[in-house]
Amino acid sequence: MAGAIWCMVEDDRQGSPKKVMAEVLGEATRLGLGPVEALWLTDTANDEGLKQLGEWGATRIVLLEDAALAPYRAEVWAPIVADLAGKESPKAILAPVTSRQRELMARLAARLGVGLSADSVALAAEGDRLIATRPVYAGKLLSKVTWAKTPWMVTLRPNVFRPAEAQPGRTATVDRPSATPPGAAMKLVERREEVSTGLPELTEAEIVISGGRGMKGPENYVILEKMAGVIGAAVGASRAAVDAGWRPHRFQIGQTGRTISPKLYMGFGVSGAIQHLAGMRTSKVIVAVNKDPEAPIFKIADYGIVGDLFEVVPALTEELKKLKEHS
Amino acid sequence: MKIVVCIKQVPDTATQMKVAAGGKSIETAGITWIVSPYDEFAVEEALRIKEKRGQGEVVVISLGPDRVKETLRSSLAMGADRAIHLNDPAWAEADTLTTARALAAAIKQEGPALVLCGRQAIDDDMGAVAAQLAEILGWPCASWIMEEAVDADAKNIRVGRQVEGGLELFDLPLPAVVSAQKGLNEPRYPTLKGIMGAKRKEIKDLKAGDVGLAGEPPQLSLISLEALPPRAAGRIIQGDVPTAVKELVRSLREDAKAI
Numbered sequence: 000m001a002g003a004i005w006c007m008v009e010d011d012r013q014g015s016p017k018k019v020m021a022e023v024l025g026e027a028t029r030l031g032l033g034p035v036e037a038l039w040l041t042d043t044a045n046d047e048g049l050k051q052l053g054e055w056g057a058t059r060i061v062l063l064e065d066a067a068l069a070p071y072r073a074e075v076w077a078p079i080v081a082d083l084a085g086k087e088s089p090k091a092i093l094a095p096v097t098s099r100q101r102e103l104m105a106r107l108a109a110r111l112g113v114g115l116s117a118d119s120v121a122l123a124a125e126g127d128r129l130i131a132t133r134p135v136y137a138g139k140l141l142s143k144v145t146w147a148k149t150p151w152m153v154t155l156r157p158n159v160f161r162p163a164e165a166q167p168g169r170t171a172t173v174d175r176p177s178a179t180p181p182g183a184a185m186k187l188v189e190r191r192e193e194v195s196t197g198l199p200e201l202t203e204a205e206i207v208i209s210g211g212r213g214m215k216g217p218e219n220y221v222i223l224e225k226m227a228g229v230i231g232a233a234v235g236a237s238r239a240a241v242d243a244g245w246r247p248h249r250f251q252i253g254q255t256g257r258t259i260s261p262k263l264y265m266g267f268g269v270s271g272a273i274q275h276l277a278g279m280r281t282s283k284v285i286v287a288v289n290k291d292p293e294a295p296i297f298k299i300a301d302y303g304i305v306g307d308l309f310e311v312v313p314a315l316t317e318e319l320k321k322l323k324e325h326s
Numbered sequence: 000m001k002i003v004v005c006i007k008q009v010p011d012t013a014t015q016m017k018v019a020a021g022g023k024s025i026e027t028a029g030i031t032w033i034v035s036p037y038d039e040f041a042v043e044e045a046l047r048i049k050e051k052r053g054q055g056e057v058v059v060i061s062l063g064p065d066r067v068k069e070t071l072r073s074s075l076a077m078g079a080d081r082a083i084h085l086n087d088p089a090w091a092e093a094d095t096l097t098t099a100r101a102l103a104a105a106i107k108q109e110g111p112a113l114v115l116c117g118r119q120a121i122d123d124d125m126g127a128v129a130a131q132l133a134e135i136l137g138w139p140c141a142s143w144i145m146e147e148a149v150d151a152d153a154k155n156i157r158v159g160r161q162v163e164g165g166l167e168l169f170d171l172p173l174p175a176v177v178s179a180q181k182g183l184n185e186p187r188y189p190t191l192k193g194i195m196g197a198k199r200k201e202i203k204d205l206k207a208g209d210v211g212l213a214g215e216p217p218q219l220s221l222i223s224l225e226a227l228p229p230r231a232a233g234r235i236i237q238g239d240v241p242t243a244v245k246e247l248v249r250s251l252r253e254d255a256k257a258i
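Each protein sequence line maps, in turn, to chains A and B. Using numbering that gives the first Met the number 0, the first residue of the first sequence is number 0, and each one after it goes up by one. Using numbering that gives the first Met the number 0, the first residue of the second sequence is number 0, and each one after it goes up by one.
Hints listed in this document are in silico derivations from the structure and should not be mistaken for laboratory results. Beta carbons: idealized from backbone N, C-alpha and C, even for Gly. One or more of the hints may lead you astray.
What the hints assert, rightly or not - Some chain A residues close to chain B (C-beta under 10 Å, calculated; not the full set):
#1 A131
#2 T258
#3 I285
Unchecked claim - According to the in silico footprint, chain B covers these stretches of chain A (three or more CB under 8 Å from chain B):
#4 73-82
#5 95-103
#6 110-122
#7 137-145
#8 180-193
#9 237-249
#10 300-307
Extracted from the complex, chain A is given alone in its bound form (with noise of 0.2 Å):
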């Protein structure tokens, strides 16, 4: 409806909202401009997913449920958001960034003729209009930015805003309005998945790893690997591990790699360059492992170790293992 904040639902391609719907969410309802409505694209939507959003904070659900719409392509997608913004008018369009919503966000943004803050991790309502703050040179330094009008557009980073506390029982009332999906020029050949580690994606997850130079080849990552397996991290490299062939290019965090903010990151053998600490010095917690009591990580860490990280992994695993049992 008029004056809405509209929630671009991310979700798993089975029909289920991701977590970081409860972000999103609840970041909308935090900023009180209006009522909080999910609008959802997708080729199935499960009954389970509807209610989550529900519980999350979503007054009211705008369900596009066609099979046109999968696989996802922002040609196709971007005409049909586009349109219903013209007949409702929100306020506000937030999404998680996300592969999808990043590049999406980006297309309606330019046929809509509006801003977009992308890849925000504040958002403060002042009068009449939203600031946002989103970190540049890859977080060396914070931009506040804003809109000249409506509707404000905003991808907002994982892990950096408060999910909203589920409440069950609270529900949204679910639209399905018609919409016939452009035709679209760009074809699925077909989708490779990755051989699953069973670690989480780095961008998404609350704990991070990361192995540096001082890993001294690629064959040691497994006890990083071994690590993660305990506590659920992900594992990535610093671009010197990256460029030395020991990782691939999608576990670099840093400038020319990702930006992560999880709750805590533990660098091993990671000495800190400026392009590695613009990727991370968001975290919540730092840890360094270093055997250079030089290294700069160390002016960023809360926690360090200066010692040998192949003594400190393996000991640390055990510590964590045993902390995990007992918990």
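We have chain A already, so just place chain B on it with the hints.
Just chain B now, with coordinates in the frame of chain A:
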């Protein structure tokens, strides 16, 4: 086959960024300017497509002040054929949408089969221009590509785009816009011959009026630029490895409540 590559000039990744007086811009003194690394992958890929086909033209384009010429020159040194410099004070406060509109207007004049961009510029990290260009041009777009292949008659490009948990292979009819992710290729270093040759290649200056645009206020405007709040001083945990590790786990659990 004509390919346009959009590039942006950014501070080198090793730069310690400082906010300039006024709080709305960065201190530029002493900065080494480079082609944004993802854009460099885009330039490299364009050159590889041209080399593989044995013919074609690679045009690099950038929006920004006078200093952007050096950056265009370095792409010409890598092997691009010519360059376009969107250089007008009207674009001084350009946001991503203004930039995309300016690039799109110039690209329309060129009429390429393919536009390549980096996945994002590493200064404002917005990562929106490629998708916005595609919207304005009315073309399909694939973001964060890790591999590509243009078919023999230059009618189609097959790309692998990186998504959570895998790679999606798409066929896009040309013309199309694609954005490069790290891993697409390893950019070449310019040869001495390339550097010398670049001095003779054309860099065309275009003002807003030349591409049929007037100045426009940004849709997203900057209020302020700030340094990050400093992190509180941390603590080096002393003792032998078993002792230090026990204390670390205790601290993480009881003090920081991080595990």
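Which of the numbered hints above does this structure break?
-> Every hint satisfied by this model.
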